[in-house]
Amino acid sequence: MPPETDLELLKGTLDVLVLKSLIWGPRHGYAVARWIEEATHGALSIEEGALYHALHRLEKRGWVTGEWGLSDANRRAKYYALTSAGRDQLAAKTVTWTRYAEAVFAALRTV
Amino acid sequence: MPTTLRALPEGIRRVFRLATRRPRIEAEVDEEIAFHLHMRQAELTERGWTVDAARDEASRRFGNVTHWSRAMRQIDQGRVRQERQSEWLADMLRDLRYTVRGLRRQPVFSIGVILTLALGIGANATMFGIVDRLLLRPPPHVVDAGSVHRLYVDARGEDGVRTTQRRFSYAAFANIRAESRSFRDVAVWGVSTSAMGRGTDARQISGAMASAGLFPLLGVRPHLGRFFAEEEDQPPRGARVAVIGYDLWRAEYGGDPAVLGRTIHLDGSDYQIIGVAPAGFSGPSLERVDAWMPVTAASPDRINHFIGDHSWWEVRGASWLSLVGRIAPGVSEEQAEAELALLYPRILMSGPDGRTAERVERQSPHVVLGGIQADRGPDRSPGARVATALLGVSALVLVIACANLGNLLLARAARRRREIAVRVALGVGRGRLIRQLLLESVLLALVGGVAALLVAHWGGNVVRTVLLPDVAWGETLADGRVMLFTMLAALVTGVLAGLVPALLATAPSLAGTLKSGSRDGGGRRARTRTILLVVQGALSVVLLVGAGLFVRSLINVGRVELGFEPERVQVVDADVFGAGYQPAQSAAIYDQLLTQVSSMPGVDAAAVVLTVPFRTVWDIDLRLPGRDSIPLMPGGAPLFNAVTPDYFRTVGTPFNQGRSFTAADRAGSEQVAIVSQSTARILWPAGDAIGQCIHTTDESDAPCTTVIGVVGDVQWNDLRGEPRHQIYVPLAQQVTGPPMRTLLVRPSGDPRSLDAALRQAVQEVAPNVAYTPVTPLLDGVEPQLRPWRMGATMFTAFGVLALIIAAVGLYSVLAYSVAQRAHELGVRVALGASTNDVLRLVVGSGLRVTAAGVVVGVVAALLLGGRIEPLLYDVGARDPVVIGSVAGILLLVAAVASLLPAIRAARVDPNRALRSD
Chain A
60 MPPETDLELL KGTLDVLVLK SLIWGPRHGY AVARWIEEAT HGALSIEEGA
110 LYHALHRLEK RGWVTGEWGL SDANRRAKYY ALTSAGRDQL AAKTVTWTRY
160 AEAVFAALRT V
Chain B
710 MPTTLRALPE GIRRVFRLAT RRPRIEAEVD EEIAFHLHMR QAELTERGWT
760 VDAARDEASR RFGNVTHWSR AMRQIDQGRV RQERQSEWLA DMLRDLRYTV
810 RGLRRQPVFS IGVILTLALG IGANATMFGI VDRLLLRPPP HVVDAGSVHR
860 LYVDARGEDG VRTTQRRFSY AAFANIRAES RSFRDVAVWG VSTSAMGRGT
910 DARQISGAMA SAGLFPLLGV RPHLGRFFAE EEDQPPRGAR VAVIGYDLWR
960 AEYGGDPAVL GRTIHLDGSD YQIIGVAPAG FSGPSLERVD AWMPVTAASP
1010 DRINHFIGDH SWWEVRGASW LSLVGRIAPG VSEEQAEAEL ALLYPRILMS
1060 GPDGRTAERV ERQSPHVVLG GIQADRGPDR SPGARVATAL LGVSALVLVI
1110 ACANLGNLLL ARAARRRREI AVRVALGVGR GRLIRQLLLE SVLLALVGGV
1160 AALLVAHWGG NVVRTVLLPD VAWGETLADG RVMLFTMLAA LVTGVLAGLV
1210 PALLATAPSL AGTLKSGSRD GGGRRARTRT ILLVVQGALS VVLLVGAGLF
1260 VRSLINVGRV ELGFEPERVQ VVDADVFGAG YQPAQSAAIY DQLLTQVSSM
1310 PGVDAAAVVL TVPFRTVWDI DLRLPGRDSI PLMPGGAPLF NAVTPDYFRT
1360 VGTPFNQGRS FTAADRAGSE QVAIVSQSTA RILWPAGDAI GQCIHTTDES
1410 DAPCTTVIGV VGDVQWNDLR GEPRHQIYVP LAQQVTGPPM RTLLVRPSGD
1460 PRSLDAALRQ AVQEVAPNVA YTPVTPLLDG VEPQLRPWRM GATMFTAFGV
1510 LALIIAAVGL YSVLAYSVAQ RAHELGVRVA LGASTNDVLR LVVGSGLRVT
1560 AAGVVVGVVA ALLLGGRIEP LLYDVGARDP VVIGSVAGIL LLVAAVASLL
1610 PAIRAARVDP NRALRSD
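As you go down the protein sequences, you meet chains A and B in turn. The letter at position 41 of the first sequence is residue 100 when you use our numbering, and the numbering goes up by one with no holes. The letter at position 758 of the second sequence is residue 1467 when you use our numbering, and the numbering goes up by one with no holes.
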């Protein structure tokens, strides 16, 4: 497990990525995990348990809803979907994150 | 996009509360994780991993399953809890809105119910406030009241009857304080009237004497300054320092902090003000106190002239102080009483006027501990007993109001049967419906409760000032306990009244209801309504019987032959000893005063006396020559009075036989006496009382006192008192008893018209007397009438309230049932029933229910009668007149209440009734 301070940063990162992963429609946890893997080219090495933890956390805050459905392989799976509050949250977080990343990037580029 | 087939919609799951169950949450989390691991493993094997390696890799990537699943479960449980709460709140708000809307649509119903409850609950809150102050709560500013006790003596009198005394001598206090190990400390106090100021500026206040230890014992802190120090409170004469009451400080001194050090003139002496007591402080009792003086400063003035040559702080025979003690930690009340059982007789046997061991043995005095609350302990006042009974009575009123509300709700619920059935059919759960119906009654009750606070505020003021004026009530309006009690009573009322109707209305028998419409009332409901009506009727009977008994008691008490006319006589109480005059001077002063007042215009008659009926008592050992003992009367030892010749004419006691005293009956002339009629009859049954010889002192060689006249019996000290022997001697010949004097005046016109002139006369004759109260003789009698007056007033108020509530209940139920039976009545009319038939039918059913209530109520009243019998005067609890008239009144009211619905029933138009529904 990463140290505390990194964890908070990580949680924020994870939340925003999970929300992002759901904008194309409901997905189950595994699909979210796969999407993050691919989207970040595997750069974000986190335990997948933390990802589920994030999903449940977001569900409790009302940003996503979880409902049981059937997967392509006809197995019961829990599908998560963005709520409108979650959509707002994603938009807000995206702005903050972009600004933050640009600021850090700009700072690191100065000689 | 996966094909999502929703297994269970969220709403249904919530209705069945599935997600809320813990196992369900766990299973879902486990299943979710298992699905993930399965998918990952499948993906890896597809990419060429061996099954085992793929499983290990999937599990490694996921991390610690136990850890993550626990974390997820925790989050889910929190989420479910949140959802449930907000859902509950939303439902509640929706129901509340629905209920309020429903109630506003029927304002007459709502206002009627709220008023009924306001009166019912308000009656309870009123009585609770009073009983709370009298019996439950310690007096204000008493810290840790549980360990503070009042001390009483239970002893046998000379007549063999055990009585409870609440006064002690200073010597008894000092000795108990010095020797008892059971108490952390003991203290004395006594409240009486004091004169404040001098001459014509003087006025009467409530003054108290207290030992210095009283204040630390109770735990009270002064508002300003300090209380007495021990060294200021030492016999033979304590320091002239005073602590004034908060109210007096505000009223007299404008709340000026510079009052400390100023001088206040009390009972003829100057006292230095050293402190102000906190607001509401009245010592260990609830008597208002305007000024506190050290017991050793105030006692000598008050009692020195009673006790002859002894030192006032050493005599045992004079008791004028109440005793209070704080029990030591770890000591039980029984242990303290056991210690005092040994100590107290020893104290009585020592000292300058110590009693003989035989006398103490005969009296066998026991010190008993009582609670500090005003009316706990062995000598509770009749007022407190009546108040307690009335609290029970007000509870009955509330039960009636509750039954009434229940009945109205039942009728309403029946009217809404179809609505309820439809809602059940639509899937609204029974629990939710019950909650909705309960919400309605609770809401009504709570609004009623708020209104009840107003009733209690107003009613409490009336009861306090009119019926129990002697109590220092302290703060009244902002009384949190009464408020809490009121709202709790309202809540309980709402739930009780609403529960049965709600259960019945939602009983699962829907199919029938939907088909038959709202006409059929349903057997169970009809029966419940009838039972509630019978209960209401019965309780009303009980209350009205109580009211009748108290009213009769009050009438009887008012008619008691007192044997004198207290309403015609004024009492002039010049405190000559307090003003520093000696007994010999006092006699001269009163002689002169009598001469002057007797010749005053507007005075019919006047007399100077030793004791005044309903105020002071002196009893003696009466002996007859040649007899070892005389037959005593049940009321106790013989009463003794010394009077001037015009006494009997002044107070209006009639003469039966012989002559009255004259100016010729002087000291030195033949000793004469007048006895009461009963004394004459019992001592000399042959009717030859005149000329007999009696002895009024213990001295065996004293000359005869000859009986020269017989007067009517006088109820001396107590309206309910048993008869006692009564002996009068001329004041000029008084050889026994203290030198106390009081002037009685019988004005010819308005009794109060001469008050100022009488005060002026005292000023002229005894200029040193600080203040002379002139009060009606009736003032002594009045407080004894109060318990009955309170009982009669409150019982009648509650009884009438109950009757009105019950009548409204009967009316509304009949009106409802007439509306329900319109169809049936229509058929009857169509078949030829006359208006009279219909009237008889409806009124008859009302009377039948009421008659049942009357029967039950009369039986209950007979059974309960024994409990209030001790509070009644000269009327049995099973008084047939009262019970008969109550039954009559109730049936009459029932007939009237039934008539209106009956008339409406008789006007039923058969055409319309049969066509509707």
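Because the hints were derived from the structure by calculation, they are not lab data. Do not rely on the hints blindly, as some may be mistaken.
Interface residues of chain B toward chain A, partial, derived using beta-carbon atoms under 7 angstroms [what the hints assert, rightly or not]:
(1) F744
(2) H745
(3) L746
(4) A762
(5) E766
(6) G772
(7) R779
(8) I784
(9) V789
(10) R793
(11) W1327
(12) C1413
Some chain B residues well away from chain A (every beta-carbon gap over 10 angstroms; in silico) [unchecked claim]:
(13) M748
(14) V774
(15) A780
(16) M781
(17) G787
(18) R959
(19) E996
(20) T1065
(21) G1136
(22) V1137
(23) V1204
(24) I1240
(25) E1274
(26) P1292
(27) S1307
Even glycine gets a Cβ: it sits at the ideal position worked out from N, Cα and C.
Chain A versus B:G787 - minimum CB to CB distance exceeding 10 angstroms, so not interface: Label violated. Min Cβ-Cβ 6 angstroms, cutoff 10 angstroms.
Taking the least C-beta to C-beta distance, is B:E766 closer than 7 angstroms to chain A? violated, 11 angstroms
At a threshold of 7 angstroms, is the proposed contact between B:H745 and chain A supported by beta-carbon distances? holds, 5 angstroms
Proposed interface contact between B:R779 and chain A, which counts if any beta carbon pair is under 7 angstroms: Where the cut-off is 7 angstroms and the nearest Cβ of chain A is about 10 angstroms from B:R779, the hint is violated.
Given B:G772 as an interface hint, is its Cβ closer than 7 angstroms to any Cβ of chain A? holds, 3 angstroms
Please check whether B:I784 passes as an interface residue: C-beta within 7 angstroms of a C-beta belonging to chain A. With Cβ-Cβ at 4 angstroms, under 7 angstroms, it holds.
Hey, does B:I1240 actually stay past 10 angstroms from chain A on C-beta? Given that every Cβ of chain A is farther than 10 angstroms from that of B:I1240, nearest at about 51 angstroms, it holds.
Non-interface claim for B:M781: all C-beta distances to chain A beyond 10 angstroms? Violated, since 5 angstroms does not exceed 10 angstroms.
Would the least Cβ to Cβ distance between B:A780 and chain A come out above 10 angstroms? violated, 5 angstroms
Would you check whether B:V789 satisfies its interface hint, that is, whether its CB is within less than 7 angstroms of any CB in chain A? violated, 9 angstroms
Interface exclusion of B:G1136 relative to chain A, criterion Cβ beyond 10 angstroms: holds, 22 angstroms
Against chain A, does B:V774 keep a CB gap of more than 10 angstroms to every residue? violated, 7 angstroms
Violation of the numbered hints given earlier is confined to hints 3, 4, 5, 7, 9, 10, 11, 12, 13, 14, 15, 16 and 17; the remaining hints are satisfied by the structure.
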